[in-house]
Amino acid sequence: MSDDIDLKEIERRALTAYHEDGLLDIFMGGFLLFIGLSAFTEFEHRSILVYIVPPLGTLLYDRAKKLVTYPRLGYVRFTKEMRARVARDAFIVLFVAGFVTLTGLFTGMGVPERAPWVILLLNRYNLLFQGGVLALIFLLLSTVMGVTRLRLYSVISLLVFSAGYLYLDSPFLVSLQNLGAPCVIIGTMMVGMGAYYLQGFLRRYSKEA
Amino acid sequence: MTAPPDNHDLPPVKEIDRLIHEPARLLIMAHLYVVEGADFLYLMNQTGLTFGNLSSHMSRLEEAGYIEVEKAFVDKRPNTRLRLTDAGRRAFENYRENMRRLLA
Numbered sequence: 001m002s003d004d005i006d007l008k009e010i011e012r013r014a015l016t017a018y019h020e021d022g023l024l025d026i027f028m029g030g031f032l033l034f035i036g037l038s039a040f041t042e043f044e045h046r047s048i049l050v051y052i053v054p055p056l057g058t059l060l061y062d063r064a065k066k067l068v069t070y071p072r073l074g075y076v077r078f079t080k081e082m083r084a085r086v087a088r089d090a091f092i093v094l095f096v097a098g099f100v101t102l103t104g105l106f107t108g109m110g111v112p113e114r115a116p117w118v119i120l121l122l123n124r125y126n127l128l129f130q131g132g133v134l135a136l137i138f139l140l141l142s143t144v145m146g147v148t149r150l151r152l153y154s155v156i157s158l159l160v161f162s163a164g165y166l167y168l169d170s171p172f173l174v175s176l177q178n179l180g181a182p183c184v185i186i187g188t189m190m191v192g193m194g195a196y197y198l199q200g201f202l203r204r205y206s207k208e209a
Numbered sequence: 001m002t003a004p005p006d007n008h009d010l011p012p013v014k015e016i017d018r019l020i021h022e023p024a025r026l027l028i029m030a031h032l033y034v035v036e037g038a039d040f041l042y043l044m045n046q047t048g049l050t051f052g053n054l055s056s057h058m059s060r061l062e063e064a065g066y067i068e069v070e071k072a073f074v075d076k077r078p079n080t081r082l083r084l085t086d087a088g089r090r091a092f093e094n095y096r097e098n099m100r101r102l103l104a
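Here the protein sequences line up with chains A and B, keeping their order. In this text, residue positions in the first sequence follow my numbering: the first is 1, and each later residue adds one. In this text, residue positions in the second sequence follow my numbering: the first is 1, and each later residue adds one.
Any given hint could turn out to be false.
[Said to hold, decoys possible] Not everything, but these chain B residues come out facing chain A in the computed CB check (under 8 Å):
#1 Leu-26
#2 Ala-30
#3 His-31
#4 Tyr-33
#5 Val-34
#6 Val-35
#7 Glu-36
#8 Gly-37
#9 Ala-38
#10 Asp-39
#11 Leu-41
#12 Tyr-42
#13 Asn-45
Hints listed in this document are in silico derivations from the structure and should not be mistaken for laboratory results. Here a beta-carbon is modelled for each residue, glycine too, at the ideal position from N, C-alpha and C.
Here chain B stands alone, though its shape is the one from the complex (with noise of 0.2 Å):
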């Protein structure tokens, strides 16, 4: 019987961080890891998440402090900014590294 494989450099699977791990969170904060900050509708677009699909998974990331959003008038009109804050962008790396350990 061949011994198995030595796993003490994978991460357990308890560290990978769920409220990350659900596609359409991970896709928010990929696509605002990417860039300085973004509106509401540039990532309803982009990521293709209704309004209140986006909605709910938004305030999901601010309740943990992963994302800041700003509410604002451009133009008279209501605008919503979100950027992710120091913790997030720390979140997602550590996610990633994670992943990658996983899976590799």
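With the rest of the complex left out, here is chain A (with noise of 0.2 Å):
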């Protein structure tokens, strides 16, 4: 009956199926082990690597996609609205995160005593406020591709950073040590639960004969 077909759920189980296999979990959390990682070492050009990793990663996830997903689940083409619905959503999440980001990262580091009270704030709570940046970023990205489980990862981001705020030793001023070990760990937590979801995906659909 078609009372009982809900379109706007077909609609939204069609976007979310193609985020059962777990690689959006595993390089996203690949991108923050890699940040985490690279916080500890003393590598002089660590910099030039934050420019490529993104779109390197970018690449490679598209080819996991064509190997692993498209030949297991199938190809759909969304319609003209759907696909422009969605990059205008993501502009914005790219939008808010970059802002958010760079603003975290310029009150993070040495701020004069005379400076305005929010700036002030920000430098004091540094830590506490890049954990809100990461939760926030895994907030937007749930409500825009319809995967609740990042709001999972939003909870883990406040829980660590708040951890890490309260137990390392100087985590006043934003060093990338400080925020190494956080990335790390929910890094590592990420990459785990992508391959804990790709296996169950493989195990679900078997390639197409």
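Assembling the complex is the task here: the two chains are given apart, and the hints tell you how they should meet.
Okay, structure coming up:
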């Protein structure tokens, strides 16, 4: 019966089906692991890697999707309206994430004592702020992509960064070492969770004969 | 005795498109309605229909002109792509509207 068919739900499932493979978790977790681990290294040109790794990761993610997901799940072409909506939402998420991250980084570096109170506050609680930024990014991504488990990462980010704020030796200044440990912990959790989802996906969908 | 309700607005049952009304075909039409196109494997996974079942319903819908089937090769593998035609899209919308009026 037509009343039993929820087209919105079918549309949502079509979008989320492609993230059942856990590859998103593995690649995002891998990026956090990279940031975390690189914080502990003495590699001189570390900052250059930050520009190379995201596009390289995106290419690898795309390749992995073509190798793992599409041959098992099949291929769907979304409507122009839906593609435009997803692109617009992704742009908003990237813009917000970029803006807030840069704010966090700038206020985390030493600020003059007479800086406005907001900047002083952000500087004082920078590690908490970074955790909040990561949590916000996961929350926004979860809303845009309809992947509810990203909300779990949002909560984990808040908890891990709060723990970092409480237990690290000098949590008040944003040093790479301070960011490193929480990123390694969250990244490892995400890669592990992604691997769990991936093996479930491979078991559920056999490759097209 | 109370007068029977005025049923002039109800679509006669015979106006319900029986081709779409069949549950498996309704599911196929609904899945194709929300996207621009999809391949056979995607529909099989999303609808839970078997290969043979989906194949026979696909043929019925194609004969009625509701869907368009395109066979191609992707990475040297055969790939069957399906999309709703304009007539199929209209028929699905009419079907939903008729059912809504009938069940309201």
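Hint validity - Ala-30(B) Cβ closer than 8 Å to any chain A Cβ: Because about 5 Å separates Ala-30(B) from the closest Cβ in chain A, which is inside the 8 Å limit, the hint holds.
Was the hint right that Leu-41(B) lines chain A, CB cutoff 8 Å? Because about 3 Å separates Leu-41(B) from the closest Cβ in chain A, which is inside the 8 Å limit, the hint holds.
When the nearest CB of chain A is found for Glu-36(B), is that gap smaller than 8 Å? The hint holds - Glu-36(B) has a Cβ within 8 Å of chain A, the shortest such distance being about 4 Å.
With chain A as the partner, please determine if Leu-26(B) meets the hint condition of a C-beta pair closer than 8 Å. With a minimum Cβ separation of about 7 Å from chain A (threshold 8 Å), the hint on Leu-26(B) holds.
Just to be careful: measuring from the Cβ of His-31(B) to every Cβ in chain A, is the smallest value less than 8 Å? Holds - the Cβ of His-31(B) comes within 8 Å of chain A, reaching about 6 Å at its closest.
With a cut-off of 8 Å on the beta carbons, see whether Tyr-42(B) makes it to chain A. 3 Å, holds
Using Cβ atoms only, decide whether Asp-39(B) comes closer than 8 Å to chain A, and label the hint accordingly. 5 Å, holds
Hint check, Val-35(B) versus chain A [nearest Cβ-Cβ separation less than 8 Å]: 5 Å, holds
Proposed interface contact between Val-34(B) and chain A, which counts if any beta carbon pair is under 8 Å: Hint on Val-34(B): holds, closest Cβ of chain A at ~4 Å, below 8 Å.
Hold the hint about Tyr-33(B) up to the distance rule: shortest CB distance to chain A must be less than 8 Å. Hint on Tyr-33(B): holds, closest Cβ of chain A at ~7 Å, below 8 Å.
So, Gly-37(B) near chain A? Judge it on the closest CB pair being under 8 Å. 5 Å, holds
Interface restraint verdict for Ala-38(B) against chain A (beta-carbon cut-off 8 Å): 4 Å, holds
Consistency with the previously given hints is maintained throughout, with no hint failing.
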